[in-house]
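As you go down the protein sequences, you meet chains X and V in turn. Each residue of the first sequence is one higher than the one before, starting from -8 at the first, in this note's numbering. Each residue of the second sequence is one higher than the one before, starting from 8 at the first, in this note's numbering.
Accuracy of the hints is not assured; some may be wrong.
Claimed, not checked - For the chain X half of the interface with chain V, some residues (derived, Cβ under 10 Å), not all of them:
hint, residue
1, K73
2, V77
3, F92
4, K103
To be verified - Reference listing, derived: stretches of chain V covered by chain X, where coverage requires no fewer than 3 residues with Cβ under 8 Å from a Cβ of chain X:
hint, segment
5, 73 to 83
6, 91 to 98
7, 111 to 123
These are computed hints drawn from the structure, not numbers from a lab. Since the model is a prediction, treat every value here as computed from it, not as a measurement. The C-beta atom is built at its ideal place from N, Cα and C for all residues, glycine as well.
Each chain, written out:
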Amino acid sequence: MSEAGTPRDHKAGNAFAHASEAEFARILDFYQVAWEYEPQVFPILWDLDGNVLESFAPDFFLPDLELLIELTTLQQRLVRKKNRKVRRLRELYPNLRIKLFYARDFRALMLKYGRSALVSELSGTLGQVGPRHYAEPGLEGSSAAGPTAVGRQLDLSTGPADAAIDPRASHDRRSRGARRRAVRRAAAAYAPNSTAT
Amino acid sequence: MKHSQDLNEDVGEILLSEDQIRIKVVELGKRISADYAGRELTLVSVLKGSLPFMADLMRQIDLPLRIDLMEVSSYGGTATESSGLVRILKDLSAPIDDRDVLLVEDIIDTGLTLNYLIRYLRGKNPRSIKVCALLDKPARRLVEIPIDYVGFEIPDAFVVGYGLDFGEVYRNLRFVGVLRPEAYES
Chain X
-8 MSEAGTPRDH KAGNAFAHAS EAEFARILDF YQVAWEYEPQ VFPILWDLDG NVLESFAPDF
52 FLPDLELLIE LTTLQQRLVR KKNRKVRRLR ELYPNLRIKL FYARDFRALM LKYGRSALVS
112 ELSGTLGQVG PRHYAEPGLE GSSAAGPTAV GRQLDLSTGP ADAAIDPRAS HDRRSRGARR
172 RAVRRAAAAY APNSTAT
Chain V
8 MKHSQDLNED VGEILLSEDQ IRIKVVELGK RISADYAGRE LTLVSVLKGS LPFMADLMRQ
68 IDLPLRIDLM EVSSYGGTAT ESSGLVRILK DLSAPIDDRD VLLVEDIIDT GLTLNYLIRY
128 LRGKNPRSIK VCALLDKPAR RLVEIPIDYV GFEIPDAFVV GYGLDFGEVY RNLRFVGVLR
188 PEAYES
């Protein structure tokens, strides 16, 4: 299972797939929890020749906690596919720890932090959304037209420019090489046939 | 946020009555007293939610103890958080090096704050750190941290009372109740 947990190469220009992910990253940053965005791709279905037919890249890897997190803030009826993928991942990689964060979890998190106004904006949106979705009265820069990447859009509405959430940036204090090695070690440990404990 | 003049009206269900809480606090106090017998303990309360729990718990512990208070900023995602990082709003008032510390929390859900606090307090070289939480909401857990003393494991609901707030209100309720959605949905 050498392909298990292949580190993903994020090319310039990639952004968070969903605005809720940017918000989640901001929360992790706030509490100083190291994270990486979609660092690993796990094959979950092969054809008879061993070619990968389907794979799954959980949204976040928290290296210090050795935990993968998949956010799904879509309507509950649309999450069946993700549930299946997570179930399959758990079957294939039983040592791997993954938490599926549903819309209700995200909603509760936002409620807890007094950000309930964001819930209706973030939940159920498919992919990236425009800056106007984040325009909240009283928030600095909320009316400014910003760059197109979601991280920058959120930055305009909810924080200073130097706090931009960019998945390409490092939010782990280790070097890029050290982080990659950590991911590979974790992936190897999670692989079904691994002898690592 | 709009709340009723009679706060009880905003509560859909009483999850833990005053009596249930009182009995549990006595029980926790006994366990802690037994576990730390012969030692001196420092209780650290995390403001503001754990204040009522701390006040009741400390009076059920039959040991010489010190108390201290901490407060940390909570995530709000606003521009006022200049650093974008959690901040210690109120630090301990006395050193804890070589002391047994019991961190007293009202509720543990994601574990993010607790994780931060434990890392922070470890840097102050205590002899030990343990955690006592009145409420545990495991369904919301992101960071797995062992909780040494748990009062109640509660379901995934938005609870208020006995120190727990919504928008700084409801802390003074003498029970723990589930907030009606109308109270937080505008």
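(message) Would the hint on X:K103 be counted as holding, given a Cβ-Cβ threshold of 10 Å to chain V?
(response) OK, holds: X:K103 within 10 Å of chain V, min 7 Å.
(message) Tell me whether the statement that chain X covers the segment 111 to 123 of chain V is true, taking a Cβ distance below 8 Å and needing three residues at minimum.
(response) Holds: 6 residues of the segment 111 to 123 of chain V have a Cβ under 8 Å from chain X.
(message) Verify this for me: three or more residues of the segment 91 to 98 of chain V with a beta carbon less than 8 Å from a beta carbon of chain X.
(response) Since 3 is at least three, the answer is holds.
(message) Under 10 Å is the threshold here; is the Cβ of X:V77 close enough to any Cβ of chain V for the hint to stand?
(response) violated, 16 Å
(request) Mind checking the CB of X:K73 against every CB in chain V and telling me if the closest is under 10 Å? (result) violated, 18 Å
(request) Take the segment 73 to 83 of chain V, compare each residue's beta carbon with every beta carbon of chain X, and decide whether three or more fall closer than 8 Å. (result) holds (count 3)
(message) A closest beta-carbon separation below 10 Å is what the hint needs, so does X:F92 meet it against chain V?
(response) holds, 8 Å
The structure fails hints 1 and 2 (numbered hints given earlier, in ascending order).
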